[in-house]
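Starting from the known structure of chain A, fit chain B onto it as the hints suggest.
Spelled out from the first residue to the last, the chains are:
Protein chains: 2
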Amino acid sequence: MNRAPLVARKMLQYPFARAYSSGVAAAVASAATSTVDGPHTRPVVKTAIPGPRSKALLEEMGKSLSTSQVAFFTDYEQSCGNYMVDADGNVLLDLLTQIGSLPLGYNHPAVMAAVSSSSALTPLVTRPSLAMFPPSSWPELVQSTLLPLAPRGLSEVTLMMCGTCANENAFKAAFINYMDVKREKPLTPDSEEYSSTMLNQPPGSPKLSILSFMGGFHGRALGTLSCTHSKPIHKLDIPAFDWPVALFPRLQYPLDQFVRENEMEEKRCLAEVEEKMEKAAKAGEPVAAIIIEPIQAEGGDNHASPNFFKGVQSIAKKHGASFIVDEVQTGGGATGITWAHESWGLTEPPDVVTFAKKMIVAGYYTTLDKRPKEGYRIFNTWMGDPIRLVMLKAVAAEIRSKDLLSQFRESGDVLLSGLRELEVQELNCTQELFFGKEKVSLIERSATPFWYTGPGARVHSAPLTATPPIRETPSFQRFAAKGLIWEGVGRWE
Amino acid sequence: MNRAPLVARKMLQYPFARAYSSGVAAAVASAATSTVDGPHTRPVVKTAIPGPRSKALLEEMGKSLSTSQVAFFTDYEQSCGNYMVDADGNVLLDLLTQIGSLPLGYNHPAVMAAVSSSSALTPLVTRPSLAMFPPSSWPELVQSTLLPLAPRGLSEVTLMMCGTCANENAFKAAFINYMDVKREKPLTPDSEEYSSTMLNQPPGSPKLSILSFMGGFHGRALGTLSCTHSKPIHKLDIPAFDWPVALFPRLQYPLDQFVRENEMEEKRCLAEVEEKMEKAAKAGEPVAAIIIEPIQAEGGDNHASPNFFKGVQSIAKKHGASFIVDEVQTGGGATGITWAHESWGLTEPPDVVTFAKKMIVAGYYTTLDKRPKEGYRIFNTWMGDPIRLVMLKAVAAEIRSKDLLSQFRESGDVLLSGLRELEVQELNCTQELFFGKEKVSLIERSATPFWYTGPGARVHSAPLTATPPIRETPSFQRFAAKGLIWEGVGRWE
Numbered sequence: 057m058n059r060a061p062l063v064a065r066k067m068l069q070y071p072f073a074r075a076y077s078s079g080v081a082a083a084v085a086s087a088a089t090s091t092v093d094g095p096h097t098r099p100v101v102k103t104a105i106p107g108p109r110s111k112a113l114l115e116e117m118g119k120s121l122s123t124s125q126v127a128f129f130t131d132y133e134q135s136c137g138n139y140m141v142d143a144d145g146n147v148l149l150d151l152l153t154q155i156g157s158l159p160l161g162y163n164h165p166a167v168m169a170a171v172s173s174s175s176a177l178t179p180l181v182t183r184p185s186l187a188m189f190p191p192s193s194w195p196e197l198v199q200s201t202l203l204p205l206a207p208r209g210l211s212e213v214t215l216m217m218c219g220t221c222a223n224e225n226a227f228k229a230a231f232i233n234y235m236d237v238k239r240e241k242p243l244t245p246d247s248e249e250y251s252s253t254m255l256n257q258p259p260g261s262p263k264l265s266i267l268s269f270m271g272g273f274h275g276r277a278l279g280t281l282s283c284t285h286s287k288p289i290h291k292l293d294i295p296a297f298d299w300p301v302a303l304f305p306r307l308q309y310p311l312d313q314f315v316r317e318n319e320m321e322e323k324r325c326l327a328e329v330e331e332k333m334e335k336a337a338k339a340g341e342p343v344a345a346i347i348i349e350p351i352q353a354e355g356g357d358n359h360a361s362p363n364f365f366k367g368v369q370s371i372a373k374k375h376g377a378s379f380i381v382d383e384v385q386t387g388g389g390a391t392g393i394t395w396a397h398e399s400w401g402l403t404e405p406p407d408v409v410t411f412a413k414k415m416i417v418a419g420y421y422t423t424l425d426k427r428p429k430e431g432y433r434i435f436n437t438w439m440g441d442p443i444r445l446v447m448l449k450a451v452a453a454e455i456r457s458k459d460l461l462s463q464f465r466e467s468g469d470v471l472l473s474g475l476r477e478l479e480v481q482e483l484n485c486t487q488e489l490f491f492g493k494e495k496v497s498l499i500e501r502s503a504t505p506f507w508y509t510g511p512g513a514r515v516h517s518a519p520l521t522a523t524p525p526i527r528e529t530p531s532f533q534r535f536a537a538k539g540l541i542w543e544g545v546g547r548w549e
Numbered sequence: 057m058n059r060a061p062l063v064a065r066k067m068l069q070y071p072f073a074r075a076y077s078s079g080v081a082a083a084v085a086s087a088a089t090s091t092v093d094g095p096h097t098r099p100v101v102k103t104a105i106p107g108p109r110s111k112a113l114l115e116e117m118g119k120s121l122s123t124s125q126v127a128f129f130t131d132y133e134q135s136c137g138n139y140m141v142d143a144d145g146n147v148l149l150d151l152l153t154q155i156g157s158l159p160l161g162y163n164h165p166a167v168m169a170a171v172s173s174s175s176a177l178t179p180l181v182t183r184p185s186l187a188m189f190p191p192s193s194w195p196e197l198v199q200s201t202l203l204p205l206a207p208r209g210l211s212e213v214t215l216m217m218c219g220t221c222a223n224e225n226a227f228k229a230a231f232i233n234y235m236d237v238k239r240e241k242p243l244t245p246d247s248e249e250y251s252s253t254m255l256n257q258p259p260g261s262p263k264l265s266i267l268s269f270m271g272g273f274h275g276r277a278l279g280t281l282s283c284t285h286s287k288p289i290h291k292l293d294i295p296a297f298d299w300p301v302a303l304f305p306r307l308q309y310p311l312d313q314f315v316r317e318n319e320m321e322e323k324r325c326l327a328e329v330e331e332k333m334e335k336a337a338k339a340g341e342p343v344a345a346i347i348i349e350p351i352q353a354e355g356g357d358n359h360a361s362p363n364f365f366k367g368v369q370s371i372a373k374k375h376g377a378s379f380i381v382d383e384v385q386t387g388g389g390a391t392g393i394t395w396a397h398e399s400w401g402l403t404e405p406p407d408v409v410t411f412a413k414k415m416i417v418a419g420y421y422t423t424l425d426k427r428p429k430e431g432y433r434i435f436n437t438w439m440g441d442p443i444r445l446v447m448l449k450a451v452a453a454e455i456r457s458k459d460l461l462s463q464f465r466e467s468g469d470v471l472l473s474g475l476r477e478l479e480v481q482e483l484n485c486t487q488e489l490f491f492g493k494e495k496v497s498l499i500e501r502s503a504t505p506f507w508y509t510g511p512g513a514r515v516h517s518a519p520l521t522a523t524p525p526i527r528e529t530p531s532f533q534r535f536a537a538k539g540l541i542w543e544g545v546g547r548w549e
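The listed protein sequences derive, respectively, from chains A and B.
Counting the first sequence from 1 gives a position; this note's numbering is that position plus 56.
Counting the second sequence from 1 gives a position; this note's numbering is that position plus 56.
What the hints contain is simulated information worked out from the structure, not anything from laboratory work.
A couple of the hints might just be wrong.
Copies of the same chain look alike in the list, so a pair counts if it works inside one copy or between any two.
As the list claims (entries may be wrong) - Straight-line alpha carbon distances no greater than 30 angstroms define the calculated DSBU-like cross-link-like pairs of lysine-lysine that follow:
1) 374 x 538
2) 458 x 323
3) 373 x 119
4) 263 x 335
5) 332 x 263
6) 119 x 366
7) 119 x 238
8) 338 x 263
9) 429 x 111
10) 238 x 373
11) 374 x 323
In isolation and in its complexed conformation, chain A is listed as follows (with noise of 0.2 angstroms):
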């Protein structure tokens, strides 16, 4: 995860676009160097994409597997650094890198060399139950990866295994720290809570909810997707919580000439946000925390101000919510800094801090008078998975030593400076590789500089039977051939 790649990648890509900025391609080129060497230095397109081989796998693979989603074929251990190459050995500039979590690109070096390590043999082979039966090593394996990339104000720390499970287990701890706090006299063995909760009723298994915004994502689970609203595919013919959400602000660009409007959306969006926590509260069924994107990747690219979250923060606050920051696509450096949320300058922390993808780990953050004080509350088989603790450790120290924020932050500036220049020029070629100017725009609305993270489709409602596999769009199409993967265009037409 490296923007100097990215920048030298964006620099590849324009001839094929047939406009080319030359003042982009001067600063571009200047910033375009990887910190894996392999043998890979440009695009090279062979076959059709999807080629001969990968369409022979994917017959091949829907024998006893779902093949809907299916691009094609990888070849992975051909592919290194930024280049992936496919089953036909073509040779591909990735933008996607598995939806945003390879932090380093394929078989980087570093983390090869750590999880070969005669160490990293048994917490491969023994996933142990980490919750019962921890590792001697893992405090200090938690300690020196996990707390040195801790958000400010917050260090204790759940593991679970993917990002879904993340939000799922937050908004639990989120539902019982909001009990805790109303609960007036203690449970006792004969409480009506107890049996009532085996029957999925109250006061056992209470009426809360959760506050989610419009074009947010969250996870596929059945809390989380009824907080997940990005895409209809997504929540089609699944049983929801009828739980509230808000709107997103949507800004007017370029955010200088709109200053006011913008400001005015925000403010309208509060309000809102203000009203929905009233009614909920006022219909028996509070809301016990607010879950947000510092930027709606899945959803659209989404931002808003910094004032806007401290506005959400607190309202939060005065609601005795708790407040979910969610950086399972932001978070582990992808905007030049380590979480997206600490360029709000919050004067307090958030409750909790979600995370996956490119942290390789998945879990949340929180302070330590979050942990519920019973056990089994928050548990699963394995909280997390050692092995893969051990190669983030391997990613944060090579982040830290090649001082890889920083090169994001240049690189940032120098995508950014020449998108302004292609803006300038009005050339409808950046119209698909960055969703037209009103994407430019965005760009440089975001408070540090913007690295896309993943998925980026508008939200509409496709009708269902138009899905087509996105190695059929056109646009997947397209940018294949040119040696390009761009997740986010090829998958909706």
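Coordinates of chain B only, in the frame set by chain A:
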């Protein structure tokens, strides 16, 4: 995962329990072989457990992670086969093996060899988005590993990261299927379904339910937790879907003395399932799936007859609901056959069979016609983890080549006849180890020899404030001092 070592462990623990059956000992000794040669042949307890080093590590870990569930710290490098070595050098017989998730025990040479090969390095460091960019080797790996293990009649497989997510997604597949069948006309881009689901409202987010059984355990995300009814502590303070819960049969033992009573009990329970299905449909929240475990493990080791399960399947079919068998605890050979439900003699397979734990990978099997036609409905970033499938392949080959399932069954017979002898002698020592005579009869009940695979404490409502960390419970102390780790006893006093 070998019954012989289990029996050997039983034999070893008897002297500590102050009673011993020489008949059992002789039978047990003959079966006491192990597939792992290691340095440990019996428990050696040198310190209190947790010992001084565990206690120091506990304090260290408490600075950043919850320690409520920690029993002690483990030296996994020194652990081998069925023997776990703790941080203080105590050698313990492990009857729990990480909540039943290590099928061949600690540091098994076959698994170590599989992940040490150079071809395993890339799948580990480059965890792909398997549904979008599968490795070229993926179809072959899935077909050579998961298909030979597939339950009869099921050849479609979907991979997830853990048992909870396997069940959550099995629910989603069932909901999608239910609506697919029910939907009268195809959706169009302006269908109300698309806009309503974005706000968690019907018709896009329909009112549908999953029927589950009292005592069942299916996971801890918000959908599966609504189907979990084993212990209140798992559910307390977390909102739940108001989904129907039916009673699981409570059989009387010895079975041959209660034939008529037990038939009536199962009929009564089936009638209740039927009644709840009708009631849910009338209330406008029809049941899209019934989920059930072949043996209620977490909920108290409750069994039912094949006729009962056949009856449940038949009711599900009649109402157009999927029949989901949750084999997260029972699957992977634990009962002497690969899947416990195959002992029921069903004339057609379950609609969905879910798995995790000792299958190492998690997910569910179903039939091709249950595969959602559209992409991105059952989807997440990783959709499984290839390195775990490499491990399962080695485990399955080991079970096959050593014929471990036969050994499980033989050892089961030995264990069962030994238990019967102890039962005849009415030795109090079995009370704690096997939950008394009732448990002996429970073991007799199962269609195939029973092998204890996970938590097995009785369902009861322990008060929230009276849950000590496992390491502080008297029974944990008692058993640990004898070099035996048996989680089901230690957890709840």
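Right, here's what the structure says about each hint:
no. : hint      : in the structure
1   : 374 x 538 : neither (52 angstroms within a copy, 53 angstroms between copies)
2   : 458 x 323 : neither (41 angstroms within a copy, 69 angstroms between copies)
3   : 373 x 119 : between (52 angstroms within a copy, 25 angstroms between copies)
4   : 263 x 335 : both (14 angstroms within a copy, 22 angstroms between copies)
5   : 332 x 263 : both (15 angstroms within a copy, 23 angstroms between copies)
6   : 119 x 366 : between (51 angstroms within a copy, 29 angstroms between copies)
7   : 119 x 238 : between (53 angstroms within a copy, 26 angstroms between copies)
8   : 338 x 263 : both (12 angstroms within a copy, 23 angstroms between copies)
9   : 429 x 111 : between (54 angstroms within a copy, 19 angstroms between copies)
10  : 238 x 373 : within (14 angstroms within a copy, 44 angstroms between copies)
11  : 374 x 323 : within (17 angstroms within a copy, 53 angstroms between copies)
Hints 1, 2, counting from the list given before, are not met by this structure.
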